[in-house]
Every structure is written in C-alpha cells, then in structure tokens.
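Engineer: If you want the building blocks of each chain, they are given just below.
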Amino acid sequence: MLAPTATPQGSLEVACGDQGELILSFRGVLKATTIHEIWLQARHELGRRSLSQGVVVNAAEVVYCDSAGLGLFLDLAEVQRKSGGAFRIDGLAPRFQGLFHQLEGRRGSQPLVQRAPYRSLPGLVGTSVVHLWQDGVALVAFIGELSSAMTWALFHPRKLRWRDVWLTCEHVGANALPIVGLISFLIGLIIAFQAAIPLGQFGAQNFVADLVAVSLVRELGPLMTAIILAGRSGAAFAAELGTMKVNEEVDALSTMGLPPVRFLVVARVSAAVAMMPFLTMFSMVFGLIGGGVVYLSLGFSYVLYCHQVVAALELNDLLGGLFKAATFGLLVATVGCFRGLQTELGASAVGRSTTRAVVTGITLIVVTDGLFSVIFFLLGI
Amino acid sequence: MNGDEASLIEVANLSVAYGDHTVFRNVSFSVKRGEVFVILGGSGCGKSTLLKHMIGLRQPAEGTIAIEGEEIVHGNPARRSRILRRIGVMYQSGALFGSMNLLENVSLPLEEFTQLHAEGIERIARMKLEWVGLDSFADYMPSEISGGMQKRAAIARAMALDPSILFLDEPSAGLDPITSAELDVLIRNLSRNLGITFVVVTHELPSIYAIADRVIMLDKERKGIIATGDPRILRDRHEEPSVRRFFNREAA
Ligand SMILES: Nc1ncnc2c1ncn2[C@@H]1O[C@H](COP(=O)(O)OP(=O)(O)OP(=O)(O)O)[C@@H](O)[C@H]1O
Ligand SMILES: [Mg+2]
Numbered sequence: 000m001l002a003p004t005a006t007p008q009g010s011l012e013v014a015c016g017d018q019g020e021l022i023l024s025f026r027g028v029l030k031a032t033t034i035h036e037i038w039l040q041a042r043h044e045l046g047r048r049s050l051s052q053g054v055v056v057n058a059a060e061v062v063y064c065d066s067a068g069l070g071l072f073l074d075l076a077e078v079q080r081k082s083g084g085a086f087r088i089d090g091l092a093p094r095f096q097g098l099f100h101q102l103e104g105r106r107g108s109q110p111l112v113q114r115a116p117y118r119s120l121p122g123l124v125g126t127s128v129v130h131l132w133q134d135g136v137a138l139v140a141f142i143g144e145l146s147s148a149m150t151w152a153l154f155h156p157r158k159l160r161w162r163d164v165w166l167t168c169e170h171v172g173a174n175a176l177p178i179v180g181l182i183s184f185l186i187g188l189i190i191a192f193q194a195a196i197p198l199g200q201f202g203a204q205n206f207v208a209d210l211v212a213v214s215l216v217r218e219l220g221p222l223m224t225a226i227i228l229a230g231r232s233g234a235a236f237a238a239e240l241g242t243m244k245v246n247e248e249v250d251a252l253s254t255m256g257l258p259p260v261r262f263l264v265v266a267r268v269s270a271a272v273a274m275m276p277f278l279t280m281f282s283m284v285f286g287l288i289g290g291g292v293v294y295l296s297l298g299f300s301y302v303l304y305c306h307q308v309v310a311a312l313e314l315n316d317l318l319g320g321l322f323k324a325a326t327f328g329l330l331v332a333t334v335g336c337f338r339g340l341q342t343e344l345g346a347s348a349v350g351r352s353t354t355r356a357v358v359t360g361i362t363l364i365v366v367t368d369g370l371f372s373v374i375f376f377l378l379g380i
Numbered sequence: 000m001n002g003d004e005a006s007l008i009e010v011a012n013l014s015v016a017y018g019d020h021t022v023f024r025n026v027s028f029s030v031k032r033g034e035v036f037v038i039l040g041g042s043g044c045g046k047s048t049l050l051k052h053m054i055g056l057r058q059p060a061e062g063t064i065a066i067e068g069e070e071i072v073h074g075n076p077a078r079r080s081r082i083l084r085r086i087g088v089m090y091q092s093g094a095l096f097g098s099m100n101l102l103e104n105v106s107l108p109l110e111e112f113t114q115l116h117a118e119g120i121e122r123i124a125r126m127k128l129e130w131v132g133l134d135s136f137a138d139y140m141p142s143e144i145s146g147g148m149q150k151r152a153a154i155a156r157a158m159a160l161d162p163s164i165l166f167l168d169e170p171s172a173g174l175d176p177i178t179s180a181e182l183d184v185l186i187r188n189l190s191r192n193l194g195i196t197f198v199v200v201t202h203e204l205p206s207i208y209a210i211a212d213r214v215i216m217l218d219k220e221r222k223g224i225i226a227t228g229d230p231r232i233l234r235d236r237h238e239e240p241s242v243r244r245f246f247n248r249e250a251a
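These protein sequence lines are chains A and B, in that order. Numbering that gives the first Met the number 0 numbers the first residue of the first sequence as 0 and each following residue consecutively. Numbering that gives the first Met the number 0 numbers the first residue of the second sequence as 0 and each following residue consecutively.
Heads up, some of the hints might be wrong.
Claimed, not checked - Some, not all, of what chain A presents toward chain B, calculated at C-beta under 7 Å: (1) His130; (2) Asp134; (3) Asp250; (4) Ala251; (5) Thr254; (6) Met255; (7) Leu257; (8) Pro258.
Claimed, not checked - Each computed EDC-like pair below joins lysine to aspartate or glutamate, with the alpha-carbon atoms no more than 20 Å apart: (9) A:Lys158 with B:Glu121; (10) A:Lys158 with A:Asp89; (11) B:Lys222 with B:Asp19; (12) A:Lys158 with B:Glu103; (13) A:Lys158 with B:Glu110; (14) A:Lys158 with B:Glu69; (15) A:Lys81 with A:Glu44; (16) B:Lys222 with B:Asp175; (17) B:Lys31 with B:Asp212; (18) B:Lys219 with B:Glu61; (19) A:Lys158 with A:Glu144; (20) A:Lys30 with A:Glu60; (21) A:Lys158 with B:Glu67; (22) B:Lys222 with B:Asp212; (23) B:Lys222 with B:Asp161.
Read the hints as simulated data drawn from the structure, not as lab findings. For every residue, glycine included, the Cβ atom is placed at its ideal position computed from N, Cα and C.
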C-alpha cells in the first residue's frame, strides 16, 4: 500500500496504566517528514518517568509508518533497555512487525564496532609528538630507499622508464613556463619599483639594476621557482601516487616484484631535478626583464641596464643559484612522492596527502634556503 | 615439482588486526599444488585481508605463511621476491594502472621480467586479453571500460607471466552469469591443463560448485575458519547451520 497522502499527521496520546506504566498511544501517519515533534514529545515523556516504570507503546491506530516510525519505536526501546525498564509494543500492524523485529534483532546481537575513543589534551599532544617522530623516521627510511633506487638506476640506465621521465619533464618543466615567466616578471617589476623610491632618495636609482640582478639570481629566482614547483608538481606527484595507492595499484606493483620507489619515484625525482635549473634560468631572465621595464621607465638606457646587471653578478652567483634550484627540486619531488606513497585509504586521504606535500615541501624549501645562506656566507660565495 | 604435494602454501596460526580491531585470529590451513582453493565468508569478514597477507603485502600480528616452503613474512628477501615473481594477483578493485592502456598493463610484467622482443611481448599480451574476451579493447584506458571489464583485464595482467599460483579476489563479482561461467571454464582449464594453483575469493555459488576443489569459510563473529572441505559435502552435511545456510542461500 502506498502512503496515504492527505491523511492527518500522526499524533501521540500519553496515559498512565493500572500498574503505573506509561502508555504511549500513537495514531495516524508516522513519516520522516512529520514525525519530529512526536518523537521529541515521546522522549520527553520517557525522561520524566522514574527508571523502573515500564513503557507500553500502543501502535494499533498507526495507519502508516515508514522507517522513521520504526526508528522512533527502536529508539524508545533502546532508552528503556539502557535504563533497565520494561518495554512492550502492542498492536503494531503485521506488515510493519517483520521490519521492526529484523532491525531490533540486529541491534541486540551486534555490539557496535568500537571506534577510536575520545582522547584528552595530553593524550592528543602525546600522539602528535609520536606521529611527528614516526613521520621523520619514515622520511629517513624513504630517502634511504630512494638513494638505493637512484643508484640502481644509475647502473641500469636502460631499465629506467624513459618515457615516464620525458613525460614528467614535460609536465614539470615545459608546462610550467608560462606561470614561472609571469610570476618572475612581476616579481622583478615589483622589486625594482619598490627599490626605486628609497634608492632615489640617495640619488642611487642607478643601482636598482644591481639590486634586481643580485636578489633574483642568488635568491628569488630559485625560491620562487621552487615554490611554484611545490604547488604544481609536488602536489601533482602526491595526488598521482596517492590515487595509485588508494586504487591498490601500488600494491599491484609490489606483488609484481617492481619496487614502487624504483618504478614510480625515480623518474619523477630525476625529472624534477633536471628541470629545475632550466626553469630557474627562465625565471631569472623574466625577472630581469621585469626589473628592466621599471629601470627604463626611470629614464635610464637599455645598455646601461645590461652593463649594470653584468657587472653586479659573478659566475658563482649564477652557479650557486642553480645548485640551490636543483636541490629544491630534489626536496620538492621527494616530499611529494613520499606523501603520495604515505596515503591511507579513501579519496579524502589523497587530498590530505596533497596538502601535506605542499606544506612540507615549502617548509623544507625555506629551511634549506636559510641553511644555504649560511653555508654560502661561510664559503664566501 | 619437488615432492611434497601436500602443501604448496602453508598458513599457520595467522592473526591479523587493524589497530585494536581483530579481523581474525589463529587461522591455519594449507593449499595443495594444482588445486582450486576457494575462500568464502560474509562481506567484511577478512577475505581480502587474508589474501593480502598470503602474498606478503601486509605484516601479520602473528603467524607464518610459507609458499613452496619459503617463509613470506620474515624470510630471506631475495628468495622471497623470487617466489613472489611466480605468483599473479588480481585485486578486488582491479588495480589496473590508470596511466596505461590495457595492452600496456598486461605487457608491463613481460617487459620488466623477460628478455622478449617487443612483438613477442605484444603477441603474448594480446593472447592473454583474448582469454578474457578483451582483445578488441587492447588500446582502451582502464577508465574507459566497465567495472567487469576492468576485472577481466586485471585477470589477464595477473596471468601475464604464466604464474604458478594465481590469487583472484572476487573475479566474478559484477559479471553477468554468462561471462562469469566463461571465466569459470577458463579457471578450470588453466588449472587442469597448465597445473596452475588457484586461490580464489568468491561468493558466487554456481562458481564455487564449478571450480572449487576445496573451500574454507571465514566467519566474522568467530574471527576464524568455521568450515573446510568440499563445498557439496559442506552444503549437505555440515553440522553448523550457518554454513549450510550459506550454501543454500538462506537468510538467518
Ligand atoms: N586498511 C584498513 N584499515 C582498517 N581496517 C580495515 C582495513 N582494511 C580492512 N579493514 C577491516 O578488516 C575487515 C575485513 O576487511 P576485508 O576487506 O578483508 O573484507 P572482505 O572479507 O574482503 O569483504 P568483502 O567481501 O566485502 O570484500 C573489515 O571489518 C574492515 O573493517
Ligand atoms: Mg574483499
């Protein structure tokens, strides 16, 4: 039978039985869309009684009830069972009874599967610290595995999946050119513009060119490119490998006897390391062009700009910058793949890994950049 | 064949837990060379988990697994990987490589582990796809074919290197009765004619009767094996009503 459409809503009548038990008489249609008030009322009545009193549900006049109605009865039964009172249901139409007993039987026999319990603040802090530690240990292990896989690839270059390497080079390198170019151009422009005013106060606007050249080549070129790499490719690596992990493709590789690190990570990391110096040079050039635009607008000549830039830079600046870039590429790609392979199950886990790849990548870039500054200073480069 | 036909795979006292949720404990059984061994049980009772442990993908909490006498869990890694190279696995989800088409998926193990020339590899890979009726889809990507076809392609990939043991996790789930029956015939044929040992997880009763030499049945509540043996005998004579019900397809 279909649910009656125009029938009155359900209603609840409360009465007291001979032995002091609570009688809840339900009437009419009990449907998910209209039941909430009755439900609250019934629970309210139950809450007002002392524990030991029994509850009788009279359902003889229920015309129609959907799973929400059954849910209400089950809920009342559960409340009563917890408080140790008796519970009976009278007059429920046979066609609803089957469903009710099936649900109730299940409830009683199966204890709910225990989920991780709520933890206290010290507990949470403790587990976070342990996780952080385990994370570090896992990263070290991963780096070890990667090093051994890289060495293997060095001795078996024919076995490397070159097609993957070239494809990744295209994604990491060529496809990143527009964004790297745009951002570097703007950064060059902004630095030059910001520097022009204070330097102008000393009559030293001429040196805007030196400032742009040195900061771009030594510092900002590699840094900006690496951050773009982390956002584009680090995230992509984590998402690709994470999805493969979720789809059991990584497991499939291992059971085929193909170590996932050798098979998936080596190509990506080598491509990123190979592409980063080129991307960075591209970034430097566009940054210098951006700076140049401002410089020319200050009234200096193009020739002077080139002269100033060349005079300000040494070969070591360029080599240092490119070396940094390659190192950042290594970090970003390694961390991206590491996070990807760490992915647990489920689609949301892929999102989490991607986020973590970018965050860890950028953090490591900045920390390493700081270390490089100190090292280069001590080495006098 | 080195003697001892009694057991090719030996699982002893295996216990598995995720966190503090025990999936099963103290499971022991053995798989004989050349038989079709079927793992049964309700949804969520740990069949896929058991399979993943048998191929050494997961570390068990306790217990040992040996394939051809070689310890899989704690054994010598080099010899273990040599054993693993001779098994083929089809995962419940298919696990085809999403960035490669079907032919490349099936060719991959051949490229990595044989010295065959490209045409030879393609010939073999196409033959494997033909076995599962997918030869005309060789250049489709996994995302472009249906779930049942992905399963079949995954079986083809698992068979690529002519393994001596094939692990199949619900090969016929999601297939129509006819395709499923064809798959059963294929499994029987491979087992009879090539002597391949099969470890199959399946729920399909017709399949079970068609292929199984022996079954074990896991139970979620009891966290272990509740029945072992020939499916027909279990159906008719097992003392446990829940086992008979399973084989007769009755609800509790
Ligand atoms: N990665 C995991 N983390 C936590 N628990 C898991 C994980 N994988 C499986 N489980 C748990 O292990 C139990 C068995 O899962 P498994 O996938 O082996 O079931 P199954 O018997 O293969 O079921 P189905 O027939 O539905 O495929 C389930 O209760 C599940 O909750
Ligand atoms: Mg399963």
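Engineer: Could you tell me which of the hints above the structure violates, numbers in ascending order?
Structural biologist: 1, 2, 8, 10, 14, 16, 21, 22 and 23
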